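All chains, please: the whole structure from these sequences, using the hints.
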Amino acid sequence: MANATTTLEAIDLNSPAARPPRASVIYEWLTTVDHKKIGLMYIVYALLFLVVAGAQALVMRIQLAVPNNHFVSPQVFNRLFTMHGTTMIFFVAVPVLFGFGNYLIPLMIGARDMAFPRLNAFSFWLSAFGGFLLYLSYIAGNGLYGAGSAPDVGWFAYAPLTAKVFSPGHSTDYWTLSVLLSGIGTTGTAINIVATAFCMRCKGMTLTRMPLFVWLYLVASCMVFVVVSPLSAAQIMLCLDRYLGSHFFDTQAGGSAVLWMHFFWIFGHPEVYILILPTFAFMNEIIPVFSRKAIFGYPAMVAASVGIGFVSLSVWAHHMFTVGMGPAGNTFFVFATMVVSVPTGIKMFNWLATIWGGKVIYQVPMMFAVGFLFQFLMAGLTGIMLSAAPFDWQLSASYFVVAHFHYVIVGGILFSLFAAFYYWYPKMTGRMMSERLGKWHFWLFIIGFHITFDFMHIPGLLGMPRRVYTYEAGRGWEVWNLIVGIGAIIQTIATLIFVYNLIYSYFRGKIAGPDPWDAWTLEWATASPPQPYNFAVEPTITSRRPLWDLKHPEDPDSSYE
Amino acid sequence: MNYFQLKTRLTVQIPANLLTAALKGFLVLSAQALLAGSPTNIFDPAATPARSIFGLSMLVLSVTLAIFLIVGGLLLYALIRFRHRSSDSGHEPAQIYGSNQIELSWTVIPILIVVMLFLSTTRVIWQTEAAPKPASAVDVTVIGHQFWWEYRYPKLGVVTANELHIPISNPQKPSPAFLEMSSADVAHSFWIPRLAGKTDLIPNRVNTMWIDPPVAGLYLGQCAQYCGTQHAKMLLRVYAESPENFTAWVKQQQQPANSDLSGNPLAEEGRAIFLRNACTSCHTVSGTSATGRFGPDLTHLASRDTIASGPIENTPQNLRKWIDDPNIMKPGSLMPSMHLNDHDLDAITAYLAMLH
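Protein sequences, first through last, are from chains A and B. Just so you know, we're using our numbering here: the first sequence kicks off at 653 and counts up by one. Just so you know, we're using our numbering here: the second sequence kicks off at 4 and counts up by one.
It is worth saying that the hints were derived from the structure and are not from the lab. None of these values were measured; they are calculated from a predicted model. We put the beta carbon where it would ideally sit given N, CA and C, even for glycine. Be aware that one or more of the hints could be misleading.
Beyond 10 Å from chain B on every Cβ pair, some chain A residues (computed) [to be verified]:
1) T860
2) Y1014
3) R1127
The following label-pair restraints were derived from C-beta to C-beta distances [said to hold, decoys possible]:
4) N321(B) <-> I1099(A): 51 to 59 Å
5) T683(A) <-> P339(B): 50 to 58 Å
6) L122(B) <-> F781(A): 31 to 39 Å
7) G897(A) <-> A281(B): 54 to 62 Å
8) S725(A) <-> V209(B): 51 to 59 Å
9) V118(B) <-> P979(A): 17 to 25 Å
Covered by chain B, according to a simulated footprint, are these stretches of chain A (three or more residues, beta-carbon under 8 Å) [claimed, not checked]:
10) 690–699
11) 1076–1085
12) 1097–1110
Right under this line is the structure:
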């Protein structure tokens, strides 16, 4: 305890990092190796792409609002959904989550930076260049000879549609190379997070005292090692097929289309968990703080996270129930997929138990967290429906699946991210986000979300396949697609309010102070925003909630753990 | 039937399932009310595979709905009951760090539910995928193309496109259609929601599925695996016919193309233009020198209700427009415009309209 009291003295809470003079800003940000600056660059970069890919979604919903619409041509529509999916997964979700991880992990474990600051910058710029390359396809996709075009093979780019004969020009190459580059960047950052979590923790922070936030990033990063490599391998094989005459996926020369599917989905499904685990990380910080209680069942939460990490590596072929794996193969993947719901359920119940008996404060971060809990529950349950292979024979590749994974990604991941933005923005900028605009954002977004994605399940049940640029009248799909389109417009307005709030609060927000939420982890024991060195003196901790111990010296956590 | 026996057994084993049995009735009714009026509704099954999926889906839906109500209800209760009140003392609530008993219980109960769902699912998988093929089955080879369907009946010597004809299957004396599926180019997926789940058509690979609608009628669907520009207009039509009608259809399709064009000089001229142009390198008209295999077989084109794989009604006007430039009606179609003049277009249309 003696150590804990000295740290409070040592931390220079009252000297926030100054905003730099304008002239040196660009040079400083381009050359920085500071984990906080790199984290912010990841986040801003992801937000830019979020707006772009969101606009693509809006155009698609306008096209589908009425049957046999001619708002965009089939070629343009096919490029839109390919770019929307690729951008949202590789250039929005991954960078924004790594951005938060980069910013917060060293702060939470009492470190002054990531383990490998230069690797960190290298990984960011690789990913950033990947995104640039993807969008360069719009002007360069057909090479120097014709008008350009973006890739139109879908975000999972099934072979042999990607073969040279079915996809001439360079658009598919832009897709391949941009995903390959961002994959290398992702792996670099994952290495960095694992090394940081293992080697950079402050005195007293054993693995069993490490914040759950860091545990979840650790598990997600270990998964990156295992699953990004097959994707990169497949991308290289595809390049070889297209340019050096190999035949891995070239079915006309005896290659295998199913091989690509396995390669892609052994990346693609764990990828969903790589994205959802960091959002669990946000929930593990936000729900306890706004319920004013310690997280319920810390060891079970760690075990469940590691369990999800392992089991989710053996579920990929549930994306392939319709490719004719045969009854034995299908049965195995049904089982593996259903089993993954058990550790996920444990997390849900532990959050419920954390809220139980607490004093829940409904500020904007917690409002988004509550939205997350209900929507993630619903998304998990539609996931169970899809895991029952025969039911999946009907639902797969239909709009039901589209609704399901948007429930996971928007209803789960994005809601959790919004919560994280409102929660950590004060730490990152020194100012609070506007609570009033935040509430507008929350209510409009949740209404728009439910109008869009609740009703999107229905055309799937009525036989509407995904990735169609238009559809026949008289199938009972018209009204649902129109409703879905209206919800998309409401979500767009809400997102614009959010972006406005980010900018407005940077200049006009209330000064936050070091610890605006009365929270318990170490990042709140630094100034807002923290100095480049984070902590003037390395902190020493004795429990999972060092700031609780400081605030409640009469009843510290360390006496219970 | 087996499914209900299994379900009864499980209901005894797991009392929680009683609730789901009640929910199931509610679900069936509401699902059917909400989704009525669509010809492609998965909850309106018309053949055995779709029906056994429907049974399983109602079980899964009721279990998941029950979980949603229980967990969602508890969550809602906790969020309201344990909210911060302004009259509050300002003390932090009691800090509780966990409970092994409670955590064990909410690990074990989900495992039991998973086992129950897994067993029910496994039964339907094997019933559908490992079903033996009766001797009376009708064999059809389905080949997916960008962006149309080729159907070959190897035992009957019939080749057609886009409109699949099968006999209805009497449950007492079943004659299901067994489909062997592959692709000539990229991956496609065959999905008639009222008859069965989807099965992918993948080049270099043969998949099988079967359908056995007992009631005659037209069943609709469309390609469910993104296959390129016109994936959206690769529609499916399955005509289930009485045995007599099916036999008559087969007889008619086995004939070579109508060559008796006497009394229609325009059609005769159209045939000459058709055979002289590049049409023959992609299309077959049996009994003529046109033997192309890249596009649909046109031997009995006029007997079909639609052209262009479903989206366009087969009328002489539409046919003429289609031949003039397929990319206007279906941009991205692989059939090129032959740049024919008006007279040649009229003639070819007149000829094709005679191919009953």
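Hints, verified against the model:
Interface exclusion of T860(A) from chain B stands, the closest Cβ pair being 12 Å apart, more than 10 Å. Chain B draws Y1014(A) into its interface by the beta-carbon criterion, the shortest separation being 7 Å against a cut-off of 10 Å. A cut-off of 10 Å between C-beta atoms contradicts the statement that R1127(A) is not in contact with chain B; the least separation is 5 Å. The supplied range of 51 to 59 Å is broken by N321(B) and I1099(A), whose beta-carbon atoms lie about 44 Å from each other.
In this structure the supplied range 50 to 58 Å holds for T683(A) paired with P339(B), their Cβ-Cβ distance being about 55 Å. Hint check: L122(B) to F781(A), Cβ distance near 50 Å, so the stated range 31 to 39 Å is violated. Distance hint check for G897(A) and A281(B): the Cβ-Cβ separation is about 30 Å, which falls outside the suggested range of 54 to 62 Å. Checked against the hint of 51 to 59 Å, the pair S725(A) and V209(B) fails, with Cβ atoms roughly 35 Å apart.
In this structure the hint that V118(B) and P979(A) lie 17 to 25 Å apart at CB holds, the actual value being about 19 Å. Counting residues of the segment 690–699 of chain A whose CB lies closer than 8 Å to any CB of chain B gives 0, so the stated coverage by that chain is violated, three being the minimum. Residue count for the segment 1076–1085 of chain A with a Cβ under 8 Å from a Cβ of chain B: 0. That is fewer than the three needed, and the coverage hint is violated. Closer than 8 Å: that is the beta-carbon criterion, and the segment 1097–1110 of chain A has 1 residues meeting it against chain B, so the requirement of 3 is violated.
In terms of the numbered hints stated before, the structure departs from hints 2, 3, 4, 6, 7, 8, 10, 11 and 12, listed from lowest to highest.
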